[in-house]
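Engineer: Here is what each chain is made of, one letter per residue.
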Amino acid sequence: MADAVNPRATAAPAAPGRLRRSLTAHWYAWAMIAPVVGVITAIIGWPLVRGVYLSLTDADEANVERQIGVNKIPATYDFVGLDNYTAILKDEVFWDRLGWTVLWTVACVSVTFLLGLGLANMLNRSFRGRTVYRMALILPWAIPAFVSVFAWRMLYNERNGLLNSLLDGGGVEGVSWLSDPTMAKVSVIAVNVWLGVPFMLIAMLGALQSIPAEQYEAAEMDGANAWQRFWNITLPGVRSVSMTVVLLSTIWTFNMFPVIFLLTRGGPAGSTDILVTEAFRLAFVSSPRDFANSAAWGVLILLLLALFAVAYRRALRKQGEVW
Amino acid sequence: MATDTTPVSGPAEQAPRPAPASVPGAGLRATARPPGKKVRRRGERSRAASIGLHAALLTAAVIAVFPPFWLLVTSFKPKTDTFTRSLVSGFTLDNYDHVLNDTEFLTWFGNSVLIVVTTTIIGVLISSTTGYALSRFRFPGMRPLMWVLLITQMFPVAVLIVPLYNLMSRYGLLNQPVSLIVTYLTIAVPFCAWMMKGFFDTIPVSIDESGRVDGLNPFGTFWRLIMPLARPGIAVTGFYTFVTAWAEVAYATAFMTGEENLTLAGGLQTFVNQHTQDWHLMTAAAVLIAVPATLVFGYAQRHLQSGLTAGATKA
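Chains Z and V, in that order, give the protein sequences. Residues 1 to 323, numbered by the working numbering, are exactly what the first sequence covers, in order. Residues 1001 to 1315, numbered by the working numbering, are exactly what the second sequence covers, in order.
No wet-lab data here; the hints were simulated from the structure. Keep in mind that this is a model prediction, so the values were computed, not measured. Misleading hints may appear alongside valid ones.
Unchecked claim - The following residues of chain Z were derived to be distant from chain V, with all beta-carbon distances above 10 Å:
| hint | residue |
| --- | --- |
| 1 | ALA29 |
| 2 | PRO47 |
| 3 | ARG50 |
| 4 | GLU65 |
| 5 | TYR85 |
| 6 | ALA87 |
| 7 | PRO181 |
| 8 | LYS185 |
| 9 | SER286 |
| 10 | ALA295 |
| 11 | ALA311 |
Stated by the list, open to error - Simulated restraints, written as ranges between beta carbons of each label pair:
| hint | chain 1 | residue 1 | chain 2 | residue 2 | range |
| --- | --- | --- | --- | --- | --- |
| 12 | Z | GLU158 | V | GLN1153 | 32 to 42 Å |
| 13 | Z | PRO268 | V | GLN1153 | 50 to 60 Å |
| 14 | V | ARG1231 | Z | PRO268 | 26 to 36 Å |
| 15 | V | THR1257 | Z | VAL132 | 18 to 28 Å |
| 16 | Z | GLY223 | V | LEU1216 | 17 to 27 Å |
| 17 | V | ARG1085 | Z | VAL310 | 47 to 57 Å |
| 18 | Z | GLY171 | V | SER1046 | 32 to 42 Å |
| 19 | Z | TRP231 | V | ARG1085 | 37 to 47 Å |
| 20 | V | THR1080 | Z | LYS72 | 23 to 33 Å |
| 21 | Z | VAL310 | V | THR1257 | 52 to 62 Å |
Where is the CB? At the ideal position from N, CA and C, for every residue including glycine.
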């Protein structure tokens, strides 16, 4: 329990006594983490290594190892080095998708966060009907996302959907919600914001309620107006929770597969494809299935996320946040 | 928290604090206001602000509720009226009848339940010991493990799906529930371990110490003292895993292809795609999927708020 943090695996052959000592001191901790370490190595680590390897080959549907009935067909793909990566990075498609993915992530996260914070502030007071509003507002979270996405697809339906039929009723020409490249982008962002606000709302509500009421009282006594109280008490008070939920939400949005896949399938003509759906399309939708390129896209996505996490952590550190 | 806030609260520390005023919503502030201004109780709003508040919340609530509500309404309309604008037109239960009796819906439901429940149980069980070890002990390898848990949580679907697919196909596991269970564990385990650490952090260490004094070894302390206390945390973590796996689309779409092997996420897609446009059946199936999920959620949501903040701030 003491803070005896030995550097890991300290020169095991050189100091056997030390290893034994740390074994007796820490064996129960190690035994407790063993199952998870095993699982992570077996079903995350090993596939990850294989994925990186596949991305360096020319594996596709026709040459991977597979089982048809009782016959095993051995793999016949070859190692091609970094060819896949150079091809992807030279291709305009990747940069297109990357640009849209960044735009999509920034738009979704910022709008969701602002709406969540705003609504949480409204809900964080006592008034009649508060519980009802709260229940209504978190409903989108309670319903599985793939179900809601279909509900939205029905509303967006170009010929008969409710939105266009209402527009028609108002004498406005219908909008191609999902088949016009620009509108489709707006539409998918709207759905994702709709799905994401409840999480933000609940998280921010929790954060708001952890701010002691005395601080507001003291500020009020000193004559701070509502805006000053918000700026100087509320915002600093919700900062640490905000940092966490923004990070989480950024990662989730960046990887948000179901909304785009089920709403537009990346269409029209790939204009709403984010990196993740593009990688999925390469391996499972397009024909022939291109496993190697999909794996390469996957590795690139992982690298981007890792870069982002490092940058984020550095930014947090600069502001004196510790972790 | 008090230290990093506001230039405003600084001088307030010296200000005399009338004790009764700290009861929220009580205590008149008339003395503090310049004369001539309307006297308002703490937390009270002007009529206009009140109307604005309700208007904004009402708009948001309507937007939040409308799409699922419309799904529900539509599911009771006959096929020909699916896209009518009226709330009720030709009320019928045919859609439900057809979905339950003439499609594989119940099979999909069974598949989903089997896969998700197994994943949740295994995930929570094996990750709770890790969460405990991370919360209580300082041991070599702890920081790397925490980083691995954090980083694997942000693994995109895209990086594991191809190698996992190839492994499953090599061992003939595609279209078997076990392939999805294994796959969902890759999502559940890092997440559960991380969450459970947050919950164990909230349980005082003195309880462990008293167990140790009474002669329990670390495993005994964990199993007999801490696990029972962590039951709310286990519930939230399990619920979370359940919901995540229940709504997972990418792996389920890629790994399960035969009609009778689909999960709900895959099954719902069969109603509306390039070949079929059975919106009326889709709505009924969607309602049948959403209702149980919503009930479970409604039951668990009271714990969510505390669970989220505990997990978030302790990170």
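Engineer: Give a verdict on every hint.
Structural biologist: Each hint tested on the structure:
| no. | hint | verdict |
| --- | --- | --- |
| 1 | ALA29 | violated, 4 Å |
| 2 | PRO47 | violated, 4 Å |
| 3 | ARG50 | violated, 4 Å |
| 4 | GLU65 | violated, 5 Å |
| 5 | TYR85 | holds, 14 Å |
| 6 | ALA87 | holds, 17 Å |
| 7 | PRO181 | holds, 20 Å |
| 8 | LYS185 | holds, 19 Å |
| 9 | SER286 | holds, 13 Å |
| 10 | ALA295 | violated, 5 Å |
| 11 | ALA311 | holds, 13 Å |
| 12 | GLU158/Z x GLN1153/V: 32 to 42 Å | holds, 38 Å |
| 13 | PRO268/Z x GLN1153/V: 50 to 60 Å | violated, 33 Å |
| 14 | ARG1231/V x PRO268/Z: 26 to 36 Å | violated, 50 Å |
| 15 | THR1257/V x VAL132/Z: 18 to 28 Å | violated, 44 Å |
| 16 | GLY223/Z x LEU1216/V: 17 to 27 Å | violated, 57 Å |
| 17 | ARG1085/V x VAL310/Z: 47 to 57 Å | holds, 52 Å |
| 18 | GLY171/Z x SER1046/V: 32 to 42 Å | holds, 38 Å |
| 19 | TRP231/Z x ARG1085/V: 37 to 47 Å | holds, 45 Å |
| 20 | THR1080/V x LYS72/Z: 23 to 33 Å | violated, 52 Å |
| 21 | VAL310/Z x THR1257/V: 52 to 62 Å | violated, 39 Å |
Of the numbered hints stated above, those contradicted by the structure are hints 1, 2, 3, 4, 10, 13, 14, 15, 16, 20 and 21, listed in ascending order.
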